[in-house]
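Using the sequences and the hints, build the whole thing.
Quick mapping for you: the protein sequence lines, in order, are chains S and G. Each residue of the first sequence is one higher than the one before, starting from 1 at the first, in full-length UniProt numbering. Each residue of the second sequence is one higher than the one before, starting from 1 at the first, in full-length UniProt numbering.
Careful, some of the hints might be misleading.
Just so you know, same-sequence chains aren't split out, so a pair can sit in one copy or run between any two.
As a list, the in silico DSS-like pairs of lysine-lysine whose alpha-carbon atoms are at most 27 Å apart [unchecked claim]:
1. K276 with K229
2. K173 with K276
3. K118 with K312
4. K18 with K276
5. K276 with K143
Just so you know, these hints were derived from the structure itself, not from any lab.
Number of protein chains: 2
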Amino acid sequence: MPQTSEINRQIVLNERPKGEPDANTLRMTTTEVPVPGANEMLVRTVYLSLDPYMRGRMNDAKSYAEPVSIGGVITAQVVAQVVSSNLDGFEPGDYVLSGSGWQDYAITDGTEVMNLGKSPENPSWALGILGMPGYTAYAGLLKIGEPKPGETVVVAAAAGPVGATVGQIAKLKGCRVVGIAGGAEKCAHIVENLGFDACIDHTAVDFADQLKAACPDGIDVYFENVGGKVLYAVLPLLNPFARVPVCGIVAWYNLPGLPDGPDMGPAIMGTLLRMKVKMQGFIIFDNFTREVYEEFRRDMMGWLQDGSIKYKEHMVDGLENAPDAFNQLLSGGNFGKMVVNVGV
Amino acid sequence: MPQTSEINRQIVLNERPKGEPDANTLRMTTTEVPVPGANEMLVRTVYLSLDPYMRGRMNDAKSYAEPVSIGGVITAQVVAQVVSSNLDGFEPGDYVLSGSGWQDYAITDGTEVMNLGKSPENPSWALGILGMPGYTAYAGLLKIGEPKPGETVVVAAAAGPVGATVGQIAKLKGCRVVGIAGGAEKCAHIVENLGFDACIDHTAVDFADQLKAACPDGIDVYFENVGGKVLYAVLPLLNPFARVPVCGIVAWYNLPGLPDGPDMGPAIMGTLLRMKVKMQGFIIFDNFTREVYEEFRRDMMGWLQDGSIKYKEHMVDGLENAPDAFNQLLSGGNFGKMVVNVGV
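Shown next as structure tokens:
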């Protein structure tokens, strides 16, 4: 069932997942296409962004954002087009960045909606390199990681939109950059196309040894977006005064509970203490000011225009395929920023 | 065998401990009293400081300082008196703060030795409230913890020299302060004499529940000096943007290896992420500049003089009792700053 102008397909939370989301976690439902009231507009989803943080919203747990309720539409940013508008500043045909969620149509009063204009060059990039993932990479690396020329920066999920951007910015800042990714194809891309100094395949049995060999001077900045065995391989390599921006722990998002031991708590805390490490969690739109965002937009536009930053998307067709694509994302099966083409 | 002018008693590392130091870990040996050469002086230990960090020096592990070698004198700061001096600026009878270690006599060229004068008011305080522990509390709390009036500050080992000082400074800064200590006597002292708002006994079976009840507005600053179950009870109470200066993890210093699970790594990292927490390890003389030290000395002298900071010592008699006293310190058996009277 493709997108039509007649009905609104929605993907809603059917039950909270224990571990990996399965066939019962999400379901598709349909409603009528809603009609905008005064000072509202109707927008039609063109591109849907899939991001690891959405897994957290499916839990009923204390976090930085409200969980999705049972029966609620899954949270997401989308690039949409205005269908009809009773709002100043938005006209039919305008592309917008909107928090519509996993559905074809949404009504909005324009709050936190950004107008991208009638014909943006790469409209879906607002979900990636020019949006939340790009900004996360930029601010987390530069404002918390504070990399200095000659230092070693390590980043996992290096073929993903955050990791790839972190590594490329770190190269621009004069660092030695080591990526971590799953499989030879991604690693080749990361070194050959993105210019990282090395990339380690985390599926290798001697992954930790390879990482150590690739970081002969230790690690000064570890951009944490995966947790799990990558974190534990990084810990013994951290240098005095290392910085660890904590952006995500995707390897652990599907845990139904705490994993078996040993308890690595003493290793984490002992490393922080002995090596005088700073670890700092951040949520991009909570931690940084508007000035940092403007700085990001200015720098990133420049880097994209002069070709010093490259960007890759992993496009999936059809809203109905979003649940499977999301599980693929959580298990590292994406190669580039995962975007669902809902209604191009 | 008391201190004499004839021989130099030394406590040296006999073998590296696996877990808690035992009767084979340390041994007393004697040497002749050494004779100072040109530009050297001989100092006689009066007070020996016992501090948890010494446990780490007994391991052969990558850390911020060199381990003590087998047969080497255990590292320590002492308050000593100059016996004879071929050094400008030091005369017989002067009290000095020196890194002599666990022994009666030492030769020094004056490097990193501070002259305390002929008759300091409380010479042993240079090992505690006016020395490394006091400075650790001051700089860790104020420069990393950055407490704001009205915030909740939690500190463990609150009857020890660092914890007691952290809590009293936090009170001076207008915070709600909750201490954690072992036993009713210490907790009573902490609330009644030191002015903390509450103190929780970590030996209580419902310790975690009591801590939660004592922190109705969550925790904004957790000064980490113990690790273990206290850390794990604190994690779910941390507020958004909480700060965690990591000064020590004494509950884990005797671990022979990683403890059994579950693995709390995901809980630590997940809390950092969701709550946007900053955790930062520090080693007092590596992290802070001379200016911070001067600021500490100025503030602390004032607070001691006007009675707004109180200080308690746990004095043990005799160098031969230092090993038992050190184990007592590691298990939380001290009540106040542990100091050995070696030769008053």
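Outcome of the hint check:
{"no.": "1", "hint": "K276 with K229", "in the structure": "both (22 Å within a copy, 22 Å between copies)"}
{"no.": "2", "hint": "K173 with K276", "in the structure": "both (23 Å within a copy, 25 Å between copies)"}
{"no.": "3", "hint": "K118 with K312", "in the structure": "within (23 Å within a copy, 72 Å between copies)"}
{"no.": "4", "hint": "K18 with K276", "in the structure": "between (37 Å within a copy, 25 Å between copies)"}
{"no.": "5", "hint": "K276 with K143", "in the structure": "both (18 Å within a copy, 14 Å between copies)"}
Comparing the model with each earlier hint shows no violations; every hint is respected.
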